[in-house]
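Q: Each chain, letter by letter, is given below.
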Amino acid sequence: QQQVRQSPQSLTVWEGGTTVLTCSYEDSTFNYFPWYQQFPGEGPALLISILSVSDKKEDGRFTTFFNKREKKLSLHIIDSQPGDSATYFCAAHDTNAYKVIFGKGTHLHVLP
Amino acid sequence: EAGVTQSPRYAVLQEGQAVSFWCDPISGHDTLYWYQQPRDQGPQLLVYFRDEAVIDNSQLPSDRFSAVRPKGTNSTLKIQSAKQGDTATYLCASSSGTGSSYEQYFGPGTRLTVL
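Line order of the protein sequences matches chains A and B.
Residue numbering for the first sequence follows the working numbering, starting at 42 and increasing by one per position.
Residue numbering for the second sequence follows the working numbering, starting at 4 and increasing by one per position.
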């Protein structure tokens, strides 16, 4: 069964620190990889995304890295803030077949 | 621009009862998705539409779940004879589906509890 494996399941960091979340996938047809942020009681919101033709994308404090050969991606959050405390999901899309699979999420806690 | 709206926000029912969820996507978005998100898990795609056509409903438990989008705008997801295992948040998302934009915009979800 196709899976997107996400780790860690839960993570606690101090304010100002760097957060690193990782995902791996199996299906080589996946070509679009978004990261979503979800707060309790809300739907997921797109944080940053990357296409398989790129290996890095930055947006402010958030950077995502993509390694096509290893089928891995990561999300780095620098200068983590208490307001970043949320659940983060990676997803993998095959935009040609319209297939999408989400990871199980990482619960991030940023302590002041 | 108004976001994706869903109603109701919460639903509690007994096993065997039926329930419907309603979604109003972002205006102009031709693609609409329904996801099921069990507690402490990621969203799992149930069905998606392009305009009024079902593109993929292979993950929809067809014996009890149904989804329609008759005019290519709003959509309804219905569960007949709900089971405890259906307890989850049901998310609707939409996207413009044009060019290279794959971004999905999610609504707040309907949290369903089946007792």
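Watch out, some of these pointers could steer you wrong.
[As the list claims (entries may be wrong)] Each computed EDC-like pair below joins lysine to aspartate or glutamate, with the alpha-carbon atoms no more than 16 Å apart: (1) A:K140 to B:D27; (2) A:K112 to A:E83; (3) B:K74 to B:D43; (4) B:K86 to B:E106; (5) B:K74 to B:E106; (6) A:K109 to A:E67; (7) A:K145 to B:D43; (8) A:K140 to B:D59; (9) B:K86 to B:E18.
Hints in this document: simulated from the structure, not taken from any laboratory.
Just so we're clear, the structure is a prediction, and the values are computed from it rather than from any experiment.
Q: Evaluate each hint against the coordinates.
A: Hints, one by one, checked against the model:
no. : hint            : verdict
1   : A:K140 to B:D27 : violated, 22 Å
2   : A:K112 to A:E83 : violated, 30 Å
3   : B:K74 to B:D43  : violated, 34 Å
4   : B:K86 to B:E106 : violated, 32 Å
5   : B:K74 to B:E106 : violated, 22 Å
6   : A:K109 to A:E67 : holds, 11 Å
7   : A:K145 to B:D43 : holds, 7 Å
8   : A:K140 to B:D59 : holds, 9 Å
9   : B:K86 to B:E18  : holds, 5 Å
The structure does not agree with the numbered hints 1, 2, 3, 4 and 5 stated previously, though it agrees with the rest.
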